[in-house]
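Chemist: Heads up: the sequence lines are chains A and B, in that order.
Counting in numbering that gives the first Met the number 0, the first sequence runs from 0 upward without gaps.
Counting in numbering that gives the first Met the number 0, the second sequence runs from 0 upward without gaps.
Each hint should be verified, as a subset may be incorrect.
Said to hold, decoys possible - Derived contacts from chain A toward chain B, CB cut-off under 8 Å, selection only:
(1) T51
(2) N72
(3) D88
(4) I89
(5) Q95
Honestly, the hints are just simulated from the structure, not real lab data.
Glycine included, every Cβ here is placed at the ideal spot set by N, Cα and C.
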Amino acid sequence: MQEIIQVEHIVKKFGGLVAVDDVSFGVKEGEIFGFLGPNGAGKTTTINILCTLMKPTRGKVILNGYDVVLQSNQVRRSVGLVFQEPSLDIKLTALQNLQFHTGVYSVPRALAKKRIRKVLKMVDLWDRRNEAVQTYSGGMRRRLEIGRGLLHYPRVLFLDEPTLGLDPQTRTHIWDYILDLRKRLNITVFLTTHYMDEANVADRIAIIDHGKIIALDTPSALKRMVGGDVITLQTDNPEAAVTELKEKHSIEAKIDSEGIHFEVPNGEKFIPALVREFKSGLQGVSLRRPTLDDVFIKLTGREIREGGGGEAAFKRAWAQRQASGSRGFH
Amino acid sequence: MNNLHGVYIIWYRDILRFWRDRARMFTSMAMPVLYLVIFGTGIASAFKGADFDYIQFMYPGIISMVVVLGSIMSGITVVFDREFGFLKEVLVAPISRPAVAIGKAMGGATIASAQGIMMLVFIPFADVEISVASGFMMVGLMIVLSLSLTSMGLLIASRIRSMEAFQAVMQLLMFPLIFISPVMFPVETLPSWLGTMIKINPVSYGVDAIRQAVLGVEASAPFGIELFGYRMPIMLDVAVMATFGIIMLSLAIRSFRIQE
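Pulled out of the complex, with its shape left as it was, chain B reads as follows (with noise of 0.2 Å):
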């Protein structure tokens, strides 16, 4: 009981913090609308004549790629408390390290998330018609997909002393996180050297997820995820996501107990 009420005090700071701060969530917000606009606009005119409408095929990819972004930029709010001191306000408190991380991975995924549902102004922009049960999905595969990457923030943060180091880390993640996977393109056409590639990052299973709730299982069929020979559905895609995340949680929730 006393740990459930950590995890929410934890959690509460961290949007409380947002919250004061929240033009920030904006600016994290900028890149993807440009790549969904310029870049699919571009790409879309380009292909004119192919047999599918490119910005609804990348506009699941771009809301993934909000909600990655904002889940693994949280982690430098653990950097940025080392940083002022405030973490080891945190620490000497009564309450375990596992209600600390949950409830730091709980406030990561909860603002990443909000960013993601906020991409849904632009439905008119890709033109694509989403009902309020596939809304509703969607916004549950954010939720997963933010809790398994903030996990893996958390853990990377962790183990970061300044914030210098954890701009670079990311900036070096950020990328193969992101364009090594669905977001862009689909997979099947690709040399088997990149589709493995994207196979191996988790990332892929939450755009493809995301994906099939925003343009159905039927529609996206020819671009989705065939592992051993069979095509992901949504609930294997979410065990995967799931799986990555709470190993990821066990290691940052382990990181967090050796440094005492």
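For reference, chain A alone in the conformation it holds in the complex (with noise of 0.2 Å):
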């Protein structure tokens, strides 16, 4: 598959800040593709200079063939975007701002017209479009947003936090325009989370830290990484459990909030055995597959997460639609 974005060496500092350090990778066209990683970590920033809302301080980005410092016309005319804050005319109706960014992106009038329609019936707004887009609520908006970044036909969507904030069903909603949409106009998507459950949706992810990108791979390779099934154990003594881990079993085990963690190659044999002889007073286990959050915390030995609660509600909203039969992530 051809590359259609191409980012060579590129550093971006803040006065004395290194914001993005020395970051090189290639997007493929119709991929989607995540980055990963805390706040701060220099997501924002990656995707600002790669749409050309900032020139890089170093490198060179090439995306659908054009320089984004020399050519940053045409690289806007290529990319649709999804920004982390919401960027609508809230006074406005939902139809004045869809014409609106027909307008600048110089779409013909009649095509125009064909397209908003599409759409608003796309994202279930149609019924409220002339409504004014202060009366919309967070899913909605965002919706329209989504809606609005694909009218000009873009070769690349970027998905900046795309569902930040937004309640559990709402983001699983957006999730399945968003696949849909990819499939029927073969677009590359662009995406930066720090939700581990979206990030999965991705056919590659890079994960970013400080600046820098410190691991690029299929969401499957990357959680291989972390070497088999994730244990947690409950135990009355933490520190005493460590050692007998180490002894017996020469784990290296980490202790934090929830427990002790460490992974081995197959929970589910393992943990009978373990339990049989384990002297260090054993409250609880629990066994699950490694998640991107894992590969995270494996890199870098710090958690990704912020405000976690929303995840726990996602992944029980992801889980009732599995159940009931609609289409999920792949």
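Assembling the complex is the task here: the two chains are given apart, and the hints tell you how they should meet.
Modeler: This is the structure in structure tokens:
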């Protein structure tokens, strides 16, 4: 597959702070490329450079064959953007917002009318097209923004934390749209998120921390880096338990507020053996498959997350949808 | 061609937005109207014996004041767009920064000029006679004045991040722009320190030109601005405003560019 974005050694400094530190990668045409990392890791700065809102201090980016610094107008035509923060004119109606967009992107009038109609129907806002956006809920606004980002048929759609602050149901809804659109229009999707579940939809993920890419692969390959299943123990005496694990099973375990964590290749078989002989006052055992969170912890020793409640709720909503037989993530 | 279309879209949105919120027009006109009716009547009756009518003198000044207020306040749309995120949608669009700035300036100028034109309903109150020709002349002058001041408003707004800061700067700026000018009083009898300050204020030339259009060159001659001993005709006033406006607009465009 051809690469639609080529990023070569970009650096972005703000005064003394290095927000993006010598980053290089390529994005293939038609793929969903995920950018995962904690807040402040340099995700939004990178997106801003790719979509011409910022100039890199050093380095070069070619998008859809155009240089983002030297041919910014052509690049702007090639990309659609959904920003982290809302960017609608809330005083105008949905229709007027979209008309402004087709206007500044010079979509011919007759074509614009057709596409606006199509997009509004696609995001389920056709019936409310003549209402001011300020009467819309957060989810409706987001859908409108995603629809707007597609009006000029961009080659690359940038989604910067597209579902930030939305309720779980709305998030799954929006993802249905995005996946559907990508299939129908064959656009490349560049996604940043710090929700692990969202990152799972990506074909490939770059994990970014302190302005550097520390891993880039498919979600399943990244998860294989963790080295098997993640086991969590609750014990009376965590320190003694860690020592015991090290001596008996030569396992390096980590302690945090939730208990003792370690990874083993075959968790189901390991647990009975562990429990039979364990001395350090075992209270509970749990096992799960590795997540991208675990990958991040493995790579950096830190957790990515913040405000975790939404995550659990999102998982629950997903599980419900999966159970009721609707289309899921791949 | 593309950029021209961009200017139009930016302009059109500002007009559309204003039209949805048109009650705003009257709130910003209330102050100048009060000045004209209350202050004007008060001063006029205090100096009954003078050889000119104060309300007639003040009326073109108040029209200019409405245009100036409307023009500078239009910069707030930029601050508003930044605060609500819409500015990003504008800045990533494939239209040039000059097109954005010019569209914005034209949008603000259209609205401010419309407010100025609405002030013509006070013609009977001011008891002036305006011919069709000088009416058109006035509208033209209002457009020039408002274009140059919306550009200044844009320049300020492009540098300011919050609504509160913009309001504060406006308060600070508005008073000298309007009162250190010939809006309320004639220039030539003033002490030279004040006269000089008035000549530095670009608004003065707008007021002077609009006053000449309303009262006629002959009648207003004693109130006019003299620069280097030369009485400013309308066309020179226009030249001063246009020069000021072009400088402000170029700086505003540059300021939008730097923000990437």
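Chemist: Please name the hints from earlier in the document that this structure breaks, with their numbers sorted from lowest to highest.
Modeler: none
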